[in-house]
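Start from the sequences, fold in the hints, and give me the full structure.
Position one of the sequence shown corresponds to residue 1 (full-length UniProt numbering), numbered consecutively onward.
Read the hints as simulated data drawn from the structure, not as lab findings. Mixed in with the good hints, there may be bad ones.
[As the list claims (entries may be wrong)] Below are the DSSO-like pairs computed for lysine-lysine, each with C-alpha atoms no more than 30 Å apart in a straight line:
{"hint": "1", "residue 1": "LYS59", "residue 2": "LYS209"}
{"hint": "2", "residue 1": "LYS59", "residue 2": "LYS43"}
{"hint": "3", "residue 1": "LYS18", "residue 2": "LYS43"}
{"hint": "4", "residue 1": "LYS59", "residue 2": "LYS44"}
{"hint": "5", "residue 1": "LYS45", "residue 2": "LYS18"}
{"hint": "6", "residue 1": "LYS45", "residue 2": "LYS59"}
{"hint": "7", "residue 1": "LYS18", "residue 2": "LYS44"}
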Amino acid sequence: MTEYYVPTAPSETEFVEKRSRFIGHVWPVESEEEARGYIEAMKKKYYDARHNCWCYRIKEGGVERYSDDGEPQGTAGQPMLNVFQREEVTNVCCVVTRYFGGVLLGAGGLVRAYTQSAKDALDAAGISVVRRWVETAVTCPYSFFERVRQEAEAQGGVLGESEYAADVTVHVLLPEENTEAFAARLTELTAGGVAPVTLGEAFRAVPVK
1 MTEYYVPTAP SETEFVEKRS RFIGHVWPVE SEEEARGYIE AMKKKYYDAR
51 HNCWCYRIKE GGVERYSDDG EPQGTAGQPM LNVFQREEVT NVCCVVTRYF
101 GGVLLGAGGL VRAYTQSAKD ALDAAGISVV RRWVETAVTC PYSFFERVRQ
151 EAEAQGGVLG ESEYAADVTV HVLLPEENTE AFAARLTELT AGGVAPVTLG
201 EAFRAVPVK
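This is the structure in structure tokens:
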């Protein structure tokens, strides 16, 4: 089963450490060309900043690149890249801009600051899993809605839109290998009264955190 994690959306975050401003950006990207486009855009936007450090990971070809952009070697780009490696997030570009505040942070301080900036930006962007999903619809009494949600999440599923009428119809995206277990569980809990209907399949990104 092929699945991988990507940023859900672009983000921008900022914090100050000993008067230095750290501005973090994260974008979902599909290619090195796209990533470098964002990097160049940030260099132009923050042309007066002391440093525009960056990293990116591209799934196609397993590409990983980073730059300390004038910071001491190993204190910026690599720690930023490590954030995305730990979270197993790919197809991502991150730029952290630093406006120097006049107080030296030291190597350890720089590593912590750039790591925090990248992590904050990733948290703000969110993480989605890209994989093959089976979309199902479950029509059930309103009193059973919460149980459907619990069973879907137990099978790694994600709830989508709901339709409200005499009963509620819940749309659920499920990992394809868990659809049978989900259906069997609902059948067992309702003595056959509730059964999911398969609507189709899709290979797409779905937010997970």
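Right, here's what the structure says about each hint:
1. LYS59 - LYS209: OK: LYS59 and LYS209 at ~20 Å, within 30 Å.
2. LYS59 - LYS43: 24 Å, holds
3. LYS18 - LYS43: 23 Å, holds
4. LYS59 - LYS44: Within the cut-off at roughly 27 Å; holds.
5. LYS45 - LYS18: Since the Cα atoms of LYS45 and LYS18 sit roughly 23 Å apart, the hinted pair holds (cutoff 30 Å).
6. LYS45 - LYS59: 27 Å, holds
7. LYS18 - LYS44: Since the Cα atoms of LYS18 and LYS44 sit roughly 25 Å apart, the hinted pair holds (cutoff 30 Å).
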